[in-house]
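Student: Got two chains here, separate frames each, mind docking them using the hints?
These protein sequences, in sequence, are chains A and B. Here the working numbering is used: the first residue of the first sequence is 238, the next is one more, and so on. Here the working numbering is used: the first residue of the second sequence is 914, the next is one more, and so on.
No lab work stands behind these hints: they were computed from the structure. All figures in this text were calculated on a predicted structure; none of them were measured in a lab. A few of these clues could be false.
No farther apart than 27 Å at their CA atoms in a straight line, the calculated lysine-lysine pairs in the DSS-like style are these [what the hints assert, rightly or not]:
1. 454/A to 261/A
2. 328/A to 248/A
3. 454/A to 248/A
4. 357/A to 920/B
5. 476/A to 328/A
6. 476/A to 968/B
7. 248/A to 476/A
8. 476/A to 967/B
9. 248/A to 261/A
Have a look at the derived ranges for each label pair, beta carbon to beta carbon [to be verified]:
10. 952/B to 324/A: 27 to 33 Å
11. 962/B to 365/A: 48 to 54 Å
12. 952/B to 478/A: 18 to 24 Å
13. 962/B to 437/A: 56 to 62 Å
14. 381/A to 929/B: 27 to 33 Å
15. 918/B to 478/A: 52 to 58 Å
16. 918/B to 441/A: 17 to 23 Å
Ideal Cβ positions, reconstructed from N, Cα and C, are used throughout, including at glycine.
Given next are the chains, with one letter for each unit.
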Amino acid sequence: MSVWIPLWLRKLAAPPHFYCIAGKLRRWSGRLAVLLGIIALYGALLLAPTDYRQGDAYRIIFVHVPSAWMSLFIYILMGGTALLGLIWRIKLAELATIASAPIGAAFTLITLITGSLWGKRMWGTWWTWDARLSSELILLFLYLGVIALYHSFCNARQGARAASFLTLIGLINVPIVHFSVQWWHTLHQGSTINLFGPSYISASMLWPLLTMTLATKAYYLASLCGRMRKQLLWQERGKHWARRIIAMGE
Amino acid sequence: MNVALVKFLAMGGYAGYVWPAYGVFLLVLLIDWLSASFHYRRLLLEERHRLTWKKAHQSHVSRTLPPPP
Numbered sequence: 238m239s240v241w242i243p244l245w246l247r248k249l250a251a252p253p254h255f256y257c258i259a260g261k262l263r264r265w266s267g268r269l270a271v272l273l274g275i276i277a278l279y280g281a282l283l284l285a286p287t288d289y290r291q292g293d294a295y296r297i298i299f300v301h302v303p304s305a306w307m308s309l310f311i312y313i314l315m316g317g318t319a320l321l322g323l324i325w326r327i328k329l330a331e332l333a334t335i336a337s338a339p340i341g342a343a344f345t346l347i348t349l350i351t352g353s354l355w356g357k358r359m360w361g362t363w364w365t366w367d368a369r370l371s372s373e374l375i376l377l378f379l380y381l382g383v384i385a386l387y388h389s390f391c392n393a394r395q396g397a398r399a400a401s402f403l404t405l406i407g408l409i410n411v412p413i414v415h416f417s418v419q420w421w422h423t424l425h426q427g428s429t430i431n432l433f434g435p436s437y438i439s440a441s442m443l444w445p446l447l448t449m450t451l452a453t454k455a456y457y458l459a460s461l462c463g464r465m466r467k468q469l470l471w472q473e474r475g476k477h478w479a480r481r482i483i484a485m486g487e
Numbered sequence: 914m915n916v917a918l919v920k921f922l923a924m925g926g927y928a929g930y931v932w933p934a935y936g937v938f939l940l941v942l943l944i945d946w947l948s949a950s951f952h953y954r955r956l957l958l959e960e961r962h963r964l965t966w967k968k969a970h971q972s973h974v975s976r977t978l979p980p981p982p
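Chain B extracted, bound-state conformation (with noise of 0.2 Å):
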């Protein structure tokens, strides 16, 4: 492997503990991201079913009602 690979990975022997820094800021924020999409998608997934399921019902109800007089 590249040897100035190896003495950047190595961070001159912290690399326990400079590389967990890295990574915990990293993932930290990316699960923010994520969760933060994860539930707009399923707010607008719900919503979108509940609106088509009342459309549903709705034409249901107007179909089984007797025609006005």
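Next comes chain A alone, as it looks inside the complex (with noise of 0.2 Å):
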């Protein structure tokens, strides 16, 4: 396997190298979520302009959305990580899926509860048993789950692989939340956004959107770095490179 994967690539793949190009990353990326998040929050709350229909509720828009791209997004990020920690058992895809799945499930709860109070608004209720918003409530429990499952291994390396397999098995769930409001008749809303094809919105709400959703893609950037360096640090830490980080303080 070594054989042909690139220099550079073993290289970045080294603990003590990632640990330090991923607090690199961390930072920067941390900063554009923030100068990106600013703007978005700029363009959807001022300068877009209110709806004819649904007034200024249906500003919940440029914050839910993003999320639940994430929620998705995330999601198949993670299965793509688990299935490279379960063939090749590379370290950091093990890290990647582990420290991926709080962030997931910060955007899953985010998703679920600016639906609900957009549902309120709209539909007249907070919750309803309809095919998109119970699968995305069982992907939020999917990465419970999967935090769940990775916490009871005393070996971390065995819970990765567990948490996993989970994951793996999970992505079943994904293409249901995305064509749920296609194959079922359900009460949310088609797609308004379609990357292969015409998109139902007006440009002047589209830009704020699309930009929360680089935001948030910025963050999880940002956060998941954090939580890989975190995790790699704990694994690390009778080696020397990490003690000598762990004596310096940084």
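Tutor: In structure tokens form, the structure reads like this:
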């Protein structure tokens, strides 16, 4: 296996090197997330016009939709890293799977709560057992299950393998969440923004939405790097490089 | 108070839904960020403590041992 992996990638995967790079990446993507988030909030709350049917209540879209995209995006990435970790036993892939789960759970929780607030105003109910809502709730339980399973093992690597298996099994839920609004007759509206086709949203509303999407992506990268660093330092705490970092304080 | 500001805060009568949604978004992400940095700092502190303890213990042991022949 080591034959076809390029040298720079192997260097990057070396724990001390990765720890250093991830620290820089965390700082810069964190700053980018804050900057993009402020621009997006300004656009969402002040510049975007009021919707002619939903009034200002529609402004929930600017936090609800990017969070919902992230909840699926992070799970798909976790599926990829789980597969890498299980097949090639790449330590960093295992770390990425475990570190992603709390962030994904956070975005799923935001999606459910903001959706509930929006639903109360527009549908007249906080919650309904509709296909989209139920499958998103199952997604939250999958994230929590991955976290719980990982922590139920004493050996971190065994825990990561078990959690990776659960992640792969849970992948079946991703297309169900995405296509639920097409497969079943649901209360939830269909997609407004389509990657491959016409989008049904005005440009003045679209740009804050896309900026917020980029902000959430940058946030995820920053949070992921922070969590992976911590986990790596803990797993390698007996090694010389980790001890030096612990002794120096950074 | 400024009329424009009051109008903005009222969110066309949907203030009770729009502001909590934004609040939850920022709060949950803030908790995620702070909990991660808290765990990282606690790990550094604990491990540093363990290392210094170990070092002190080792030097104590070497002091009490008889000198090598």
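Student: Evaluate each hint against the coordinates.
Tutor: Against the structure, the hints come out as follows:
Distance check on the hinted pair: residue 454/A and residue 261/A sit about 16 Å apart at the alpha-carbon level, within 27 Å; holds. The straight-line distance between the Cα atoms of residue 328/A and residue 248/A is roughly 14 Å, inside the 27 Å bound, and the hint therefore holds. Restraint check for residue 454/A and residue 248/A: the C-alpha separation of about 25 Å stays at or below 27 Å, so the hint holds. For the hint pairing residue 357/A with residue 920/B, the CA-to-CA distance comes to about 22 Å; that is within 27 Å, so the pair holds.
Only pairs whose Cα atoms come within 27 Å are accepted, and residue 476/A paired with residue 328/A is accepted, the gap being roughly 15 Å. Straight-line distance between C-alpha atoms of residue 476/A and residue 968/B comes to about 16 Å, which keeps the hinted pair within the 27 Å bound. Of the pairs offered as hints, the one joining residue 248/A and residue 476/A holds, with about 17 Å between alpha carbons and a cut-off of 27 Å not exceeded. In summary, the hint linking residue 476/A to residue 967/B is supported, as the alpha carbons are separated by about 15 Å, within the 27 Å threshold.
Pair hint residue 248/A plus residue 261/A holds up; C-alpha atoms about 16 Å apart against a cutoff of 27 Å. Restraint check, residue 952/B to residue 324/A: a C-beta distance of roughly 29 Å satisfies the suggested window 27 to 33 Å. Separated by about 51 Å at the C-beta atoms, residue 962/B and residue 365/A satisfy the suggested range of 48 to 54 Å. Between residue 952/B and residue 478/A the beta carbons are some 20 Å apart, a value that agrees with the proposed interval 18 to 24 Å.
At roughly 58 Å, the beta-carbon separation of residue 962/B and residue 437/A lies within the given 56 to 62 Å, and the hint holds. A beta carbon spacing of about 29 Å between residue 381/A and residue 929/B agrees with the range 27 to 33 Å that was offered as a hint. Between residue 918/B and residue 478/A the beta carbon distance is about 54 Å. The supplied range of 52 to 58 Å therefore holds. The hinted range of 17 to 23 Å is satisfied by residue 918/B and residue 441/A, whose Cβ atoms lie roughly 22 Å apart.
Violation of the numbered hints given earlier is absent; every hint is satisfied by the structure.
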